[in-house]
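With the hints as extra help, turn the sequences into a complete structure.
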Amino acid sequence: MGKSSARDRDQRIAALVFIAPAAILLILFLIVPVLSSVKYSFTDYNILRPDRIHFCGFSNFAELFRDPDFHQAIWHTVYFTLLVVPIQCLLALVLALFVSSRRRGVSVFRAAYFSPMVTSMVVVAILWTVLYNPDPNTGLINAFLVKIGAKPQGFLNDPKMAMNSIIFMSAWQAAGYQMMIFLAGLQAIPSEQYEAASIDGAGTWKQLIYITLPGLRNVTKYVVIITTIQAMKLFTQPYVMTKGGPQNTTMTQVYYIYEQGFQERNFGYACAAAVVFLLIVILMSLLLKRIIKAS
Amino acid sequence: MHQKKKRTLGNLIFYIGNTAVALVFVSPLLWMIAASLKPESRIFSELTSLKAFLPVGATLSNYAQVFQRINMLKYIVNTFVYVLIIILLDLLINSLCGYALAKFNFKGREVILTIVISLMVVPMEAIMLPLYKQVAEYGWVNQWAGLIVPFIGKCFSIYMFRQFFLDVPNELLEAASIDGCGPMRTFFKVVVPISGTVYATVFILDFVAHWNDFMWPMLVMTTEDKRTVQLAIQTFFGSQPVYYGPIMASLTISAIPMLILFIALQKYYVQGIASAGIKG
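As given, the protein sequences belong to chains A and B, one line each in that order. Those letters in the first sequence? Residues 480 to 774, per the working numbering, in order. Those letters in the second sequence? Residues 20 to 299, per the working numbering, in order.
Think of the hints as simulated: they come from the structure by calculation, not from any bench. For clarity, every value in this text was computed on a predicted model and none was experimentally measured. Fair warning: there could be bad hints in the mix.
Claimed, not checked - In silico SDA-like cross-links for lysine to any residue, where the CA-CA straight-line distance does not exceed 25 Å:
no., chain 1, residue 1, chain 2, residue 2
1, A, K722, B, M143
2, B, K23, A, E671
3, B, K25, A, E743
4, A, K712, B, K24
5, B, K152, A, V513
6, B, K24, A, Y673
7, B, K152, A, A485
8, B, K70, A, F741
9, A, K772, B, I134
10, A, K712, B, W230
11, B, K152, A, Q742
12, A, K722, B, K152
13, B, K70, A, D614
14, A, K768, B, K23
15, B, K152, A, E743
16, A, K518, B, K24
Claimed, not checked - These stretches of chain B come out as covered by chain A in the derived footprint (C-beta under 8 Å, 3 or more residues):
no., region
17, 54–67
18, 84–92
19, 96–104
20, 120–134
21, 156–164
22, 180–193
23, 211–221
Quick reminder that beta carbons are idealized off the backbone N, C-alpha and C, glycines included.
What follows is the structure in structure tokens.
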């Protein structure tokens, strides 16, 4: 008895020593910033006038809800997420099914589908800005379109196409990542299930619908959640490729926070936008978990 | 006979289908590499032929130009140093925390674990403003500390380590304790040596995340000599004169360390991204 309580005490002390460094860092650089974000969102703090900081209640939020640029930024983020998540996840699933075979040389195809992941988003964004060049004499994609007799497209210069061009590129870049997760999921499905189905005379399609897809349920949930959260943070692509343009059509929520906070120096206002963004991300992840649990 | 024919057809579809899709997938990267090896005039004159994707008449002059026009070597070293420091501290500090959450009995353990898991949702983008202000107040703008210290503590790493350490058998720890090892000694002498897998996994996930990171370095590192690779290629892309050959060469250079790392630690990377998906 005495011994066990001494041991408990030792463990408590050890736990404190083991946890303290990480806890201090997380409090200082994660929890405190979250709280100050909330705090500043209720003030008119401007970096250029640090001495004149006033509490201003909900006026930043009220202004945000009236600000058409902020509405646009939310809409563009939602649009990007709604399109890129299904496209990317479906593409990843199809690719995973493509390369789950045990045929010889399959690892070459796996590597090919994964290869865009080796390059960073900045690299990809620069490369595709060049590929998307509207001039068929310099842009590879337009050169190809002209060659097959189609009209050259504006891509990033065309307000109607800019966001779609970013969606296409983003799906291309990251599908290999989700493919790897699906592939691991496929390999976790016991092969006896397929053997049994095959003896029962189930063909490839039936096996896909009754064994493979249900077997991937957990993995799919995970992939959809991480892809959605990732999509909502869209920033690097518009920053490098379009600077939010043309005509603000690729201005996203994070870009808006960056612009208001670091370019316009409206720190308090930008913090309010960041708080709204954080709430949307939290709500979205809770909602997704709920919906996915229910299904 | 019929079965055999069907199998051959299946193989044919598999190889033709995959080859077609794979070519579409890699063609942008092939073009990037081919263009990085060609004189400027050839890049555009061969745009519509198959030669666009092949390094015909290869030259390294674009690469030489990158190193002449910008201090690429310094940026690569900069990035390596800062990324490796983050990773080493991340591995040390978060594995200690993850171990305590997995193996020690103490009040509040579940609460801390819940907090760690909930904080995983908070995107860095939502706190970049106050974080920047804090870092500026510490005098860390344009200092390596500003790039490193805020990102050592990481909830995802803690979670990964905890999940792994849960499976370490308690008998092993008790045996060490009977031999007179304290918790710290047990951790470093017994647990760490058998946990190479999880350390390798967190290492590569961290390396990929920080090597590729763009937004935070852009905010904190504003002077030319403190640039990271990603910042360097982005500013190189925007600086005059714009020649595509050297730009493509700079992109290719920036991807080489990642390529080497993926080839070397591929197994752990796949394990890392997959394990979370299957367990969760």
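* To do: Determine which of the earlier numbered hints do not hold for this structure and return their numbers in increasing order.
  => 3, 4, 7, 8, 14, 16, 18, 19, 21, 22, 23
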